[in-house]
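Colleague: Now for the letters of each chain:
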Amino acid sequence: MDPCDHCEEVMQPFLDRSLSLEEQVSVETHLETCPWCSKRFRFERELRGYVRVACSEEMPSNLKAKLAALRTPLL
Amino acid sequence: MSETDTEGRRIANEARDRVRFEEEALGLSDQVFRVARGLVNSREEAEDLVQQTYERAFRSWRSFTPGTNLRAWLLRILTNLNIDRARRVKRRPETQPMEEGDYFLYNKLEESAGRPLEEERVVERLSQDDVVGALSAVPHDFRDVLVLVDIGDFSYQDAAQILDIPIGTVMSRLHRARRVLKQELADRAVEVT
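So the sequence lines, in the order shown, correspond to chains G and Y.
All you need for the working numbering is the position in the first sequence, starting with 1, plus 97.
All you need for the working numbering is the position in the second sequence, starting with 1, plus 191.
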């Protein structure tokens, strides 16, 4: 398999750090020498953070109050 | 010690445990809401879902084992309620999207710009609405895993436990979900460029 195709294939487990040490090192080595893949790797890493932030809507404060009201009343 | 004393102490201990449980559960509500918001398509639905979750959690607090992961326990209630809800509203059968590789989105963005991109700023070509819209287009089974792991910060193991599926299924769905998300993002981002 072409090394860039392979790098694309394992990009997610690489970012999740779920590859074996040997595979992890081989991807790192490829990224050091391949600007095409390293650009895409940095984008992927940034995208994950961006998705998390973009989807994090703050909890409405009135919902907090509603939840607190569900507590069992103290006698 | 009389029997009444023992019974009184038991009741007092239980009340204390319950208060502690409820306080701890309420302390996690921001995180529970964040996951809920990722799982459903509107803020109102997310609010209802969180409320139902806490109602059920407070009712069945005795079935929680102290010292185990309360956040995962709450999310398990929430995802089950969400599955029931989705069954009731009878969603359209989901078509299985074509799957592109992991570089697809970046390649599309670069292609639409017609030049190599300043890579550090590439994500800024995607608006928050693009991301929220793209997430809502990911089929439910895949989306649940994506939201738990990538937004809720749950481990594969916790996500497997919450959704009651094998860990291998979590990993394969997550992989697929991230690719589908990027494909949906590509459709949205390139449309407006």
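Hints are computed from structural coordinates only; laboratory data are not their basis.
Any given hint could be a false lead.
Listed next, the in silico SDA-like pairs over lysine to any residue satisfying Cα-Cα at most 25 Å (straight line) [as the list claims (entries may be wrong)]:
no., chain 1, residue 1, chain 2, residue 2
1, G, 136, Y, 381
2, G, 136, Y, 366
3, G, 136, G, 119
4, G, 163, Y, 295
5, G, 163, Y, 304
6, G, 163, Y, 260
7, G, 161, Y, 262
8, G, 136, G, 157
9, G, 136, G, 124
10, Y, 299, Y, 317
11, G, 161, Y, 271
12, G, 163, Y, 366
13, Y, 299, Y, 316
14, Y, 299, G, 142
15, G, 161, Y, 366
16, G, 163, Y, 317
17, G, 161, Y, 201
18, G, 136, Y, 219
19, G, 163, Y, 360
20, Y, 299, G, 163
21, G, 163, Y, 251
According to the in silico footprint, chain G covers these stretches of chain Y (three or more CB under 8 Å from chain G) [claimed, not checked]:
no., segment
22, 193-201
23, 206-219
24, 259-267
25, 271-280
26, 313-320
27, 352-361
28, 366-372
From the structure, some residues in chain G lie toward chain Y, with a derived Cβ separation under 8 Å [what the hints assert, rightly or not]:
no., residue
29, 105
30, 114
31, 118
32, 122
33, 130
34, 131
35, 140
36, 154
37, 157
38, 163
The beta carbon of each residue, even a glycine, is placed where N, CA and C say it ideally should be.
Colleague: Could you run down the list of hints and mark each one as holding or not?
Modeller: Evaluated hints:
1. G:136 <-> Y:381: holds (19 Å)
2. G:136 <-> Y:366: It holds: about 20 Å lies between the C-alpha atoms, which stays within 25 Å.
3. G:136 <-> G:119: holds (22 Å)
4. G:163 <-> Y:295: Status violated; Cα separation ~43 Å.
5. G:163 <-> Y:304: Status violated; Cα separation ~47 Å.
6. G:163 <-> Y:260: holds (24 Å)
7. G:161 <-> Y:262: This hinted pair holds, its Cα atoms lying about 16 Å apart.
8. G:136 <-> G:157: Violated - the C-alpha atoms of residue 157 of chain G and residue 136 of chain G are around 38 Å apart, more than 25 Å.
9. G:136 <-> G:124: holds (14 Å)
10. Y:299 <-> Y:317: holds (12 Å)
11. G:161 <-> Y:271: Status holds; Cα separation ~22 Å.
12. G:163 <-> Y:366: violated (37 Å)
13. Y:299 <-> Y:316: It holds: about 12 Å lies between the C-alpha atoms, which stays within 25 Å.
14. Y:299 <-> G:142: Roughly 17 Å separates the two Cα atoms, so the pair holds.
15. G:161 <-> Y:366: Cα-Cα ~34 Å, so violated.
16. G:163 <-> Y:317: violated (35 Å)
17. G:161 <-> Y:201: violated (31 Å)
18. G:136 <-> Y:219: violated (37 Å)
19. G:163 <-> Y:360: Answer violated: residue 163 of chain G to residue 360 of chain Y is near 36 Å, above 25 Å.
20. Y:299 <-> G:163: violated (45 Å)
21. G:163 <-> Y:251: holds (18 Å)
22. 193-201: violated (count 0)
23. 206-219: Holds, because 5 residues of the segment 206-219 of chain Y bring their Cβ atoms closer than 8 Å to Cβ atoms of chain G.
24. 259-267: violated (count 0)
25. 271-280: Per the Cβ count (0), the hint is violated.
26. 313-320: With 4 residues in contact (Cβ-Cβ under 8 Å with chain G), the coverage given for the segment 313-320 of chain Y holds.
27. 352-361: That given contact is violated, which follows from only 0 residues of the segment 352-361 of chain Y lying within Cβ reach (below 8 Å) of chain G.
28. 366-372: Coverage by chain G holds here, the residue count being 3 at a Cβ distance below 8 Å.
29. 105: Given a least distance of 5 Å, the restraint on residue 105 of chain G holds.
30. 114: violated (12 Å)
31. 118: With a minimum Cβ separation of about 18 Å from chain Y (threshold 8 Å), the hint on residue 118 of chain G is violated.
32. 122: violated (20 Å)
33. 130: violated (17 Å)
34. 131: Since chain Y brings no Cβ nearer than about 12 Å to residue 131 of chain G, farther than 8 Å, the hint is violated.
35. 140: Holds. Min distance 5 Å.
36. 154: For residue 154 of chain G, the interface hint holds, since the closest Cβ of chain Y sits about 5 Å away, which is under 8 Å.
37. 157: With Cβ-Cβ at 7 Å, under 8 Å, it holds.
38. 163: Check passed: Cβ of residue 163 of chain G comes within 6 Å of chain Y, closer than 8 Å.
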